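Student: For the protein sequence lines, the chains are A and B, in the order given. Its first residue numbered 0, the first sequence is counted upward by one per residue in numbering that gives the first Met the number 0. Its first residue numbered 0, the second sequence is counted upward by one per residue in numbering that gives the first Met the number 0.
To be clear, the hints were calculated from the coordinates, so they are not data collected in a lab. Computed from a predicted structure; not experimentally measured. A portion of the hints provided could be inaccurate.
[To be verified] Think about it this way: if two alpha-carbon atoms lie no more than 25 Å apart in a straight line, the pair counts; the simulated SDA-like pairs of lysine to any residue are: (1) A/Lys44 - B/Ser120; (2) A/Lys11 - B/Ile78; (3) A/Lys56 - A/Glu46; (4) A/Lys11 - B/Ser120.
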Amino acid sequence: MEKVATQDRASKQALSGDFGESELFLPIYSPDPNQNLDLVVTTGKSELPTIFGQNRKVEVRGIAIIENQR
Amino acid sequence: MKINLWHDQRGSASVEFVLLAIPLFIPLFLYMNAFSEVSDDQERLRTLARESVRAFVNSANDETAFEVARSVVSEGGQILGFENSDSEIQTDISCSTRPCISPDSRVVITLSIPARKVRVSAIEYVTPWA
């Protein structure tokens, strides 16, 4: 579920342009100098149920294309 | 006092559980693990396909479009956990018209990982004003 929520956040942010501080932006290479595309990368973390006293965490990522942000 | 082990029923349920349940549960766990991995791969590939086809149709011409789609698969694949996305993921792009970046052209990007038999597609249309 965390993965779906994280991807959902990336897609919503790509459409709305309303980004959080923790989001990363990765420029996508394009031969066209007038086309500037970035990948917004959202990260989600959650803890797995404790088994035998071990606390384990998972980290998932979501991506979405954004245009003309530079 | 004599104990007749052959007729004593104590502990028989445990023995039956070990003999019957373990051979049933181990394949079930293996199957669930494999199913989980394939679903995870499909989910990640679906995201990659959707975003790469979006980047494709937003390009000005075919040359740029193919390059940008390839970049998204490569960069995005690494972010989503495919270590060798360039060699691991096969990309197939088909268009309803030539050149691909033409008004109302339908673009289908199919990504697959042959080794794991995972294959997904995403469809997008080029804007009518392209």
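Student: For each hint, tell me whether it holds in the structure or not.
Tutor: Comparing the hints with the structure gives:
1. A/Lys44 - B/Ser120: violated, 28 Å
2. A/Lys11 - B/Ile78: holds, 18 Å
3. A/Lys56 - A/Glu46: OK: lysine 56 of chain A and glutamate 46 of chain A at ~4 Å, within 25 Å.
4. A/Lys11 - B/Ser120: holds, 21 Å
Violated hint for the displayed structure: number 1, the only one.
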